[in-house]
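Enquirer: Sequence order for the protein chains is Z and Y.
Using this note's numbering, read the first sequence as starting at 6 and increasing by one per residue.
Using this note's numbering, read the second sequence as starting at 215 and increasing by one per residue.
Keep in mind that the hints were calculated from the coordinates and are not lab data.
Heads up, a few of these hints could be off.
Some chain Y residues judged to face chain Z by a derived CB distance under 7 Å, without partners named [stated by the list, open to error]:
#, residue
1, Ser220
2, Ala225
3, Leu535
4, Ala538
5, Val539
6, Gly540
7, Thr543
8, Asp545
9, Pro618
10, Ile619
11, Arg623
Among the chain Z residues that face chain Y by a calculated CB cut under 7 Å, a handful are [what the hints assert, rightly or not]:
#, residue
12, Asn57
13, Leu80
14, Ala86
15, Arg89
16, Asn90
17, Phe95
18, Pro115
19, Tyr118
Cβ atoms here follow ideal geometry from the backbone N, Cα and C, with glycine treated the same way.
The residues making up each chain are set out below.
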Amino acid sequence: MPSLIDVQHLGKSYNLGETTVHALRDVSLQIERGSFVAVMGPSGSGKSTFVNLLGCLDRPTSGRYLLDGFPVEDLDRDQLAEIRNRKVGFIFQNFSLLARTSALENVELPLLYADHDVPDAEERARNALASVGLAGRELSQPSQLSGGQQQRVAIARALVNNPEILLADEPTGQLDSRTSDEIMKIFQELNRVRGITIILITHSDEIAAYANHIIRFRDGQVVSNEPVVHPAYAGAQMRFVPSAVKVLQ
Amino acid sequence: MKRLLSAVRIALRALKVNKVRSSLTMLGIVIGVAAVIATVAVGSGATQRVQQQIASIGSNLVMIIPGSLTSSGLHMGTGNAITLSETDARELMAQCPEISVAAPVVRGGAQVVYGDSNWGTIIMGTTPAYLTIRDLFVSKGAGFSDRDVDSANKVAVLGQTVVDNLFGSVDPIGKSIRIKHVPFTVVGVLERKGQSPTGQDQDDNILMPISTAKRKVIGSRSANGDAVNSILVQATNMSQIETAQDEARALLRQRHHLQPAEDDDFSIRNMQEVFAAQETSSRVMSLMLAAVASVSLIVGGIGIMNIMLVSVRERTREIGLRQAVGAKTRDILTQFLVEAITLSIAGGAVGIVVGITASAIVSRLANWQTVIGVGSVLLAVLFSALVGVAFGYYPARKAAYLDPIEALRYE
Ligand SMILES: Nc1ncnc2c1ncn2[C@@H]1O[C@H](COP(=O)(O)OP(=O)(O)OP(=O)(O)O)[C@@H](O)[C@H]1O
Ligand SMILES: [Mg+2]
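Put together the whole structure using the sequences plus the hints.
Expert: Now the structure itself:
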């Protein structure tokens, strides 16, 4: 069975007229199903660029990307959109909910764009909201919710279409540490109980400690890729998770 | 279908968020559609009125007058001006299969006196067939008969205007009036007819037997005692008017001994021709107004395009987000297109209401007849939807092809 994520010599550069910015250079690694990966590194080191490529939001300028053994770098925009819809859930730092739109409708959004009609869309959205502890807040609009609650709506939206991968770009960046812990608890549960692969960008060591693997970037390159020996956890029991990520030589 | 419904819902919500802006955007379309509806209503009202007036003069009516009309409409007098006769009228009726009746007419002005009222009006000496041809009905009393014509009885049938001015509320039937000092007995009153397309009062006249008129009132100015001012002819059928005219022309040329090279010494006109010019001018007027209206629709469309472009820019992040969760090109395109079409159709709907109200007010104030056709309403809806598609497509396409990463990063 192929790795869920397999990138080979992945590169992304921006041509700014006179200079060329290499946001990502020659990154090769694999991420297995069920991993919980923290991506770290200084600002501008290419973390977001990397995660956006993994989520098929962006295209690499060089290298290969096999998602589930399937090369995606040659797909057209609508095919990429379909992959984002079916396989990937995004969570952004600034929550990114639709304003003046109820939590329920925000969560339903990915189902609206599914390639077939989803008759039980509302039911599924309600369940997703309940699974992040927001039962009863279905009709609240983003402006009526706290930051932590908004981020939980965003997680519910990312989950509603049962994705294989959750990609989170600094999901706790705008939250206090207590709320961050609550969010991390949700991530850990999703990873351990539902087996969803999670890739999460963070600047915080405490947040990264929840993961079972840490990839560090610097200047667009991977500088370290190590398992976490004893992941911190918010759940009831500890479970040994074998190292799932290895850098290709 | 469900997708389309949700696209409409999204569009409506987006429009509701910016109520004032949406209404201002619609204004251009509202004005355009209202203008189209109102001008078409006024235009077809005018056309209908002309049609009704033509019908009021008499359907299937063909008029023959002495002298020739050149193509430019100039009346060329022939030496002895009056060339038509009562016999011509009789022969037209007898010999032309497509002519059902013909009535000779002599006309003249006269002063009419009843008691101490007097009134100047037009005397028409003719035969009973005249009433048939002109679609005239006697509302009180009776018309005169062929026997009255034969024996030149001094009887008169009055138009309503004459009755109003001479008798007021007195019943005129059986009363004696004096026309040019000759006593006449009023035997009938004509039903009110109203204005002709040229604005003449069709009720300001008196009908009497042609024989009486010639002898007692108008007098025979020409040497020929048989001469008449005009002959009115009725074709058997509306569609046979051309044939009837051809038959009349052939017969009259033959009776007047005209050589093939000679021009007609009479002219034949049907009412359609007489008022065609008037109809054309009203049609040109509506066309011009419609052109102005179309321009305002296009301006309205540009307004929609402008607002949609602003909207796409403002909602760049929203678009990026939708793309991130899987919206395809087509989804975003539909969303913004539906929004533009919703704007333009809503504008169209309001425009229809405004247009109908405006034409109602116009017909009230200016006393014009207006006709709101289902066709023009449908056309307005279709046109405004078309404006929405045409001017919404570019912004929608722009939105649909945004790069998701750039859209998400947009400040
Ligand atoms: N559209 C773009 N045009 C030009 N350069 C870009 C563009 N997007 C990213 N870059 C550059 O690519 C590099 C990597 O950016 P990226 O957003 O991946 O960094 P990051 O590690 O996520 O940083 P941060 O922690 O601040 O979010 C940066 O130097 C950035 O300036
Ligand atoms: Mg970043």
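Enquirer: With chain Z as the partner, please determine if Y/Arg623 meets the hint condition of a C-beta pair closer than 7 Å.
Expert: Interface hint status for Y/Arg623: violated (9 Å vs cutoff 7 Å).
Enquirer: Does Z/Asn90 pass the interface hint, meaning its C-beta sits closer than 7 Å to a C-beta of chain Y?
Expert: Hint on Z/Asn90: holds, closest Cβ of chain Y at ~2 Å, below 7 Å.
Enquirer: Against chain Y, run the beta carbon of Z/Leu80 and see if the smallest gap drops under 7 Å.
Expert: 12 Å, violated
Enquirer: For the restraint on Y/Pro618, tell me whether the closest CB of chain Z is nearer than 7 Å.
Expert: 5 Å, holds
Enquirer: Let me know if the C-beta of Y/Ser220 comes in closer than 7 Å to any C-beta of chain Z, holds or violated.
Expert: Interface hint status for Y/Ser220: holds (6 Å vs cutoff 7 Å).
Enquirer: Minimum Cβ distance from Y/Leu535 to chain Z below 7 Å?
Expert: 5 Å, holds
Enquirer: Could you check if Y/Asp545 really has its C-beta closer than 7 Å to a C-beta on chain Z?
Expert: 6 Å, holds
Enquirer: At a threshold of 7 Å, is the proposed contact between Z/Tyr118 and chain Y supported by beta-carbon distances?
Expert: Holds. Min distance 4 Å.
Enquirer: Interface hint check: Z/Pro115, Cβ to nearest Cβ on chain Y, cutoff 7 Å. Holds or violated?
Expert: 4 Å, holds
Enquirer: Does the CB of Z/Ala86 sit less than 7 Å away from some CB of chain Y?
Expert: 5 Å, holds
Enquirer: Classify the hint on Y/Gly540 as holds or violated, based on whether any CB of chain Z lies nearer than 7 Å to its CB.
Expert: 2 Å, holds
Enquirer: Report holds or violated for the interface hint on Z/Asn57, using the least CB-CB distance to chain Y and a cut-off of 7 Å.
Expert: Check passed: Cβ of Z/Asn57 comes within 6 Å of chain Y, closer than 7 Å.
Of the numbered hints given earlier, the model fails hints 2, 11 and 13; all others are met.
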